[in-house]
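Just need the whole structure built from these sequences, with the hints factored in.
2 protein chains.
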Amino acid sequence: MKLNRTRKQILRALMAKPSTFWELIKEQDGHLAHFTQVMEEMLALGLARCEGSYIYLTGKGKKEARDQGLSPLQPLTCPTCGGKTVTLQGIFPRVLKEFEEIARQRPPAIVEFDQGYVDTMSTVARVAIMYQRGDLENQDILLIGDDDLTSIAIALTGMARHITVLEVDDRLVEFIDLQARKKGWTNLSVYRYDVRHPLPREFQGRYDTFLIDPVETLPGIRLFLSRCAMSLRGKGSAGYFGLTHLEASRDKWYFIQKLILDMNFVITDIIHNFQEYELEREGFVSKNYPLVQRAFGPLPVPDTNWYTSNFFRLEAVAKPRVPEQENIPAGRELYFDDEAYATLP
Amino acid sequence: MKLNRTRKQILRALMAKPSTFWELIKEQDGHLAHFTQVMEEMLALGLARCEGSYIYLTGKGKKEARDQGLSPLQPLTCPTCGGKTVTLQGIFPRVLKEFEEIARQRPPAIVEFDQGYVDTMSTVARVAIMYQRGDLENQDILLIGDDDLTSIAIALTGMARHITVLEVDDRLVEFIDLQARKKGWTNLSVYRYDVRHPLPREFQGRYDTFLIDPVETLPGIRLFLSRCAMSLRGKGSAGYFGLTHLEASRDKWYFIQKLILDMNFVITDIIHNFQEYELEREGFVSKNYPLVQRAFGPLPVPDTNWYTSNFFRLEAVAKPRVPEQENIPAGRELYFDDEAYATLP
Numbered sequence: 542m543k544l545n546r547t548r549k550q551i552l553r554a555l556m557a558k559p560s561t562f563w564e565l566i567k568e569q570d571g572h573l574a575h576f577t578q579v580m581e582e583m584l585a586l587g588l589a590r591c592e593g594s595y596i597y598l599t600g601k602g603k604k605e606a607r608d609q610g611l612s613p614l615q616p617l618t619c620p621t622c623g624g625k626t627v628t629l630q631g632i633f634p635r636v637l638k639e640f641e642e643i644a645r646q647r648p649p650a651i652v653e654f655d656q657g658y659v660d661t662m663s664t665v666a667r668v669a670i671m672y673q674r675g676d677l678e679n680q681d682i683l684l685i686g687d688d689d690l691t692s693i694a695i696a697l698t699g700m701a702r703h704i705t706v707l708e709v710d711d712r713l714v715e716f717i718d719l720q721a722r723k724k725g726w727t728n729l730s731v732y733r734y735d736v737r738h739p740l741p742r743e744f745q746g747r748y749d750t751f752l753i754d755p756v757e758t759l760p761g762i763r764l765f766l767s768r769c770a771m772s773l774r775g776k777g778s779a780g781y782f783g784l785t786h787l788e789a790s791r792d793k794w795y796f797i798q799k800l801i802l803d804m805n806f807v808i809t810d811i812i813h814n815f816q817e818y819e820l821e822r823e824g825f826v827s828k829n830y831p832l833v834q835r836a837f838g839p840l841p842v843p844d845t846n847w848y849t850s851n852f853f854r855l856e857a858v859a860k861p862r863v864p865e866q867e868n869i870p871a872g873r874e875l876y877f878d879d880e881a882y883a884t885l886p
Numbered sequence: 542m543k544l545n546r547t548r549k550q551i552l553r554a555l556m557a558k559p560s561t562f563w564e565l566i567k568e569q570d571g572h573l574a575h576f577t578q579v580m581e582e583m584l585a586l587g588l589a590r591c592e593g594s595y596i597y598l599t600g601k602g603k604k605e606a607r608d609q610g611l612s613p614l615q616p617l618t619c620p621t622c623g624g625k626t627v628t629l630q631g632i633f634p635r636v637l638k639e640f641e642e643i644a645r646q647r648p649p650a651i652v653e654f655d656q657g658y659v660d661t662m663s664t665v666a667r668v669a670i671m672y673q674r675g676d677l678e679n680q681d682i683l684l685i686g687d688d689d690l691t692s693i694a695i696a697l698t699g700m701a702r703h704i705t706v707l708e709v710d711d712r713l714v715e716f717i718d719l720q721a722r723k724k725g726w727t728n729l730s731v732y733r734y735d736v737r738h739p740l741p742r743e744f745q746g747r748y749d750t751f752l753i754d755p756v757e758t759l760p761g762i763r764l765f766l767s768r769c770a771m772s773l774r775g776k777g778s779a780g781y782f783g784l785t786h787l788e789a790s791r792d793k794w795y796f797i798q799k800l801i802l803d804m805n806f807v808i809t810d811i812i813h814n815f816q817e818y819e820l821e822r823e824g825f826v827s828k829n830y831p832l833v834q835r836a837f838g839p840l841p842v843p844d845t846n847w848y849t850s851n852f853f854r855l856e857a858v859a860k861p862r863v864p865e866q867e868n869i870p871a872g873r874e875l876y877f878d879d880e881a882y883a884t885l886p
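The listed protein sequences derive, respectively, from chains A and B.
Take 542 as the starting number for the first sequence in our numbering and just add one per residue.
Take 542 as the starting number for the second sequence in our numbering and just add one per residue.
FYI, nobody ran anything at the bench for these hints, they're computed from the structure.
For each residue, glycine too, the CB sits at the ideal point set by N, CA and C.
There could be a bad hint or two in this list.
Claimed, not checked - Keeping only pairs whose Cα atoms sit at most 25 Å apart, straight-line, the calculated SDA-like set for lysine to any residue is:
| # | chain 1 | residue 1 | chain 2 | residue 2 |
| --- | --- | --- | --- | --- |
| 1 | B | LYS603 | A | ASP681 |
| 2 | B | LYS799 | A | GLN866 |
| 3 | B | LYS567 | B | GLY623 |
| 4 | A | LYS828 | A | GLY872 |
What the hints assert, rightly or not - Which chain B residues stay away from chain A? Per the calculated CB distances, all over 10 Å, these:
| # | residue |
| --- | --- |
| 5 | PRO616 |
| 6 | GLU642 |
| 7 | PRO741 |
| 8 | GLN745 |
| 9 | LEU759 |
| 10 | PHE837 |
| 11 | THR849 |
This is the structure in structure tokens:
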């Protein structure tokens, strides 16, 4: 019998050392619904056992791992960049430092808006990738939703021509606007906007680059990408977005990639687990997210930034084609589907 | 006026320092036909000038760069992994060392087969990525074409269940077979096979992972991917391939990605410029490849491994669908199209 990839990834991680539930999430590439199911099976089959916060491989589990030709996991991720491909050089260490000062004062995340922000290093590294690919200097850049404050990291480089933020959360609109006024940035504008409304004409066809970190449902991503596509100048314009594999199965990825190509974008980069999220920890287990409810037993408070996402770059090969928006999700279905395990239903 | 990305990438590289033609290729993301055209325009417009082996920005070029809001290029690629996301840890330094010893004896590249191999570090790093994603241990792995000798790097890990190499070049078939016999590897088999022939039944539906570094024409890639798709077990099977942007425009990438999705694969990773090629140097300029012919003037001998490719990982979301092979390229059109600038016509 051949093992599925998730079970195999868990087995070899546990061969190397006992791990918490949260650490194991980072060692496998499945989505959370699948991960919890595989974990539960492994415990039921007596391949693994829990003791305190840790999960151990049993004798039976060790035998299975050996029978499957597995060896203890050898970490290979680059210790310098953490697999991000870039490090902060040139002006970027200064940008990170100033960004951290500002980000310290940000409004706390609101889970109702699927907020939960990326760590400061990931945010500035995003901007570094945009710079590297030629999508930053003298470009008009649009962000829809910006709880990560990437607009501020971009403004700190002093390189963008103009940055527009469209954001649904008044607190963030005010916070970003206040920082822009304090710093005297005339090239950063922020407006209140709900992605469910049509993109106002003034934002259409005038951007070179977009950046979003959309919700993980298919209708939600479709909506975000459509608004962004409409904002772009045309062929050669670029787009960046984060997509997790934790709340998006490979099947969902497949439909998203179909959609991307249908919109006349080509995918130029997908960087694995580029972004780490600073989610609540005590709150996460006490609020009983689906991940916690459907796990095999009481979970310890997370001991690591276990939630990651992959960073996509797109490039328009022709004028972006915007699909018809027949069914704009009115309420919770914008944020929630069967694979949403770290979102409050 | 907005500059195209290639001109912008060249301008900011030259703002930082004078560069050779070959160095500049690495600082831009266009394809070679486009790159030579942009270079020629810049020289004709008096934005840049050649002196000896170097290209300099003129006063007019510097003004244009400043007017476009550009600043001297700040390299951001991770100095440790070179943007590969992984470094060689665990058993992998040993694999690299042993691989280098073997690779030193390899038969020289034959340009007629579009050979031109990847440097040893890129080859072993490929295997490291396969390991990291769970596509190596106890897997049945197929390679079609193996002038890079990746099969040997895989065999050196001792982790694969079985490795099959299908290769058109008798010299390589013999070389790989000889190494396998010398080392006593019973899990490495190599057969002579021309990708234009149907995949023999014995290789169909029995692999977990494939790896190829196909030719860059659309019919060629279609053919390679079709044979590989036919070799896989089904849903969850994975594939790896190198795709350059230097001989494949983003338009070609687009059609390749359409094809990939049509075959029921999702793209899980695209790592920018993951692979470096050790192409001939003196020979390259003297043999007058299209890149050399169509460049603006006599080119110096390359001073760097200027040819790179991006590393793709695919995963089957369902049983791979193999497209009909109506038009199998019989001759040179397997290797050659309008974007082939580093291939002998």
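- Task: State the violated hints by number, sorted upward, taking the hints as numbered earlier in the document.
- Result: Result: hint 5 breaks, nothing else.
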